[in-house]
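Chemist: These protein sequence lines are chains A and B, in that order.
The numbering used here puts the first residue of the first sequence at 1, with every later residue one more than the last.
The numbering used here puts the first residue of the second sequence at 303, with every later residue one more than the last.
If you're looking for bench data, these hints aren't it; they were derived computationally from the structure.
This one's a predicted model, so the numbers in the text were calculated from it and none came from an experiment.
Even glycine gets a Cβ: it sits at the ideal position worked out from N, Cα and C.
Accuracy of the hints is not assured; some may be wrong.
Straight-line C-alpha distance at most 20 angstroms; calculated EDC-like pairs for lysine to aspartate or glutamate [stated by the list, open to error]: (1) B:K578 <-> A:E120; (2) B:K578 <-> A:D232; (3) A:K109 <-> A:E149; (4) B:K578 <-> A:D191; (5) A:K276 <-> B:D493; (6) B:K411 <-> B:E360; (7) A:K74 <-> A:E120; (8) A:K274 <-> B:D493; (9) A:K276 <-> B:D373; (10) B:K576 <-> A:E75; (11) B:K411 <-> A:E287; (12) B:K578 <-> A:E275; (13) B:K576 <-> A:E198; (14) B:K376 <-> B:E356; (15) A:K276 <-> B:E392; (16) A:K276 <-> B:E577; (17) A:K132 <-> B:E589; (18) A:K27 <-> A:D191; (19) A:K276 <-> B:E422; (20) B:K376 <-> B:E325; (21) B:K329 <-> B:E502; (22) A:K109 <-> B:E589; (23) A:K27 <-> A:E75; (24) A:K274 <-> B:E500; (25) B:K411 <-> B:E392; (26) B:K434 <-> A:E275; (27) A:K132 <-> B:E324; (28) B:K578 <-> A:D103; (29) B:K434 <-> A:E287; (30) A:K109 <-> A:D71.
From chain B, some residues computed to sit far from chain A (all C-beta separations above 12 angstroms) [what the hints assert, rightly or not]: (31) P404; (32) E470; (33) G537.
Protein chains: 2
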Amino acid sequence: MGPTQRAEPRETTLARMIALLEEAAAKGAQLVVFPELAFTTFFPRWLLSGEEVESYFEPAMPNPQVQPLFDRAKELGVGFYVGYAELTPEGQHFNSAITVGPDGIILGKYRKVHLPGSVEPREGARFQQLEKRYFEYGDLGFPAFRGAESWHRPVMGMLVCNDRRWPEAWRVYGLQDVELMVMGYNSAAYDPNGGSTENESIRTFHSTLAAQANAYMNATWAVSVAKAGNEDGSGLIGGSCIVDPNGVVVAEAKSLADEVVVAEIDLDACRQGKEKMFHFASHRRPEHYRRIVDQVGAQAPA
Amino acid sequence: MGPTQRAEPRETTLARMIALLEEAAAKGAQLVVFPELAFTTFFPRWLLSGEEVESYFEPAMPNPQVQPLFDRAKELGVGFYVGYAELTPEGQHFNSAITVGPDGIILGKYRKVHLPGSVEPREGARFQQLEKRYFEYGDLGFPAFRGAESWHRPVMGMLVCNDRRWPEAWRVYGLQDVELMVMGYNSAAYDPNGGSTENESIRTFHSTLAAQANAYMNATWAVSVAKAGNEDGSGLIGGSCIVDPNGVVVAEAKSLADEVVVAEIDLDACRQGKEKMFHFASHRRPEHYRRIVDQVGAQAPA
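Build the full structure now, drawing on both the sequences and the hints.
Modeler: Printed below as a string of structure tokens:
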């Protein structure tokens, strides 16, 4: 998806998403992957009033303002992954994603675990990264689920944005025998405040590299989807890609605008990796992995 | 390093290694990385008599048959990593590696954790992969250590071959704040028995991809070194590379023969990743990583 400006009415964004869904369906897609926080601009870049923050959250899924997407997808018999800001009945806020089956049933739900950014705003900065302020850490872990019957019931896993750079997240899905990972992101193309030397090219490379290697090391397909382009003066990388279980990019976006990228996914391509190189039961040695759960931060030797 | 045939005398191989060391030192190298099982052919491809197996193992390190390499390195003031088959005084066998400082002192030792292959030979196969038969699983975990004073005491970690495809291994080093990972490998370029569709190109891609992504995700330099070429009819991939903490390959081998590849390593390049994107203390959520240590093999959802 291309950018969504803060002033863009939600109906406009939803109409763009429905147009993308229809184009994908016309090209034979059975599952469409939208980005993180797909219905709105990437609002954590702003320090906002409580009222404006709440306006970006979905009190239920679906709900009247997103219902037309659900309706059209069901009509077309197409499922979808979509990222959204979730407000629970108890008042909790999460950066969430769902996967919806071709019959409109929600097959799986995920809440972002690896929230980047900070709770407190950076003094004097034009752009913020306030995910740790607006969201709670995901509390569902990394729950794999089965895709739809008509997709041959693949084991699926979801991530949101920054999660895709964390091999722990992928491995927890790998240990559930995942065959198809789906994820959306909004990743800065550069430091919008001018403070970093990492340019758009290296940042796009990192995004693709993480998808490729983690797909390979877990012998799974991966679909990694950007919200891209310039949102109110802050650039987002593109690089949406579909990666096979060898880590090879089989299709990728060419623009930073709304664009449909399609690939056929052969689930059997996961078998070679899962049965040989990455046959976990034969080769993993968890007795040596304790630090991964026993400590949070790095501790250098003396 | 290029291939070492089963019939090649150990003195010949050692002389090649000393020549490589001298060429590297002449090009300014302070640390030279040799491959896995560098002193001999990759003998786990053969089902061997007990006597021949034992002939490939080092009863101490150093020992008279490798001493000339240690002596020359110390003369030149160059340190090195080398992989070798280790026989302990208690009679245990490991696929090991050491890093030696410029003064000839052993700075760190590692025993391969992720042994591929099988205990029992594959019936009727010309070539075997019998690492699980000839070696015990490494019992040292992934112990980071400090490099030499003249290298500015980087936090270093070692892996051997197949270990480099396992993100758990890298992460355990990452959690020790590793800045320089060194590893050697002998990786098949194709199935020497004719049973697989994975060709040399995709296998080399996998090797480089694993080094790149794991270096990036742990904000560390990585040096990944092949024994390459045709050993007695069984092909080994090349692809030796030096990767920066952005996951970018800064130098790589061009041949499958003895070849020196040099790069300057700026340890400060690790800081950006360690302090921002991969500041583990701020962003990791180990409470959701339990499966990584609580189960060995994959368990698919119902």
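Chemist: Please list, smallest to largest, the hint numbers that this structure does not respect.
Modeler: Violated hints: 2, 7, 9, 10, 12, 14, 15, 16, 18, 21, 27, 28 and 32; rest satisfied.
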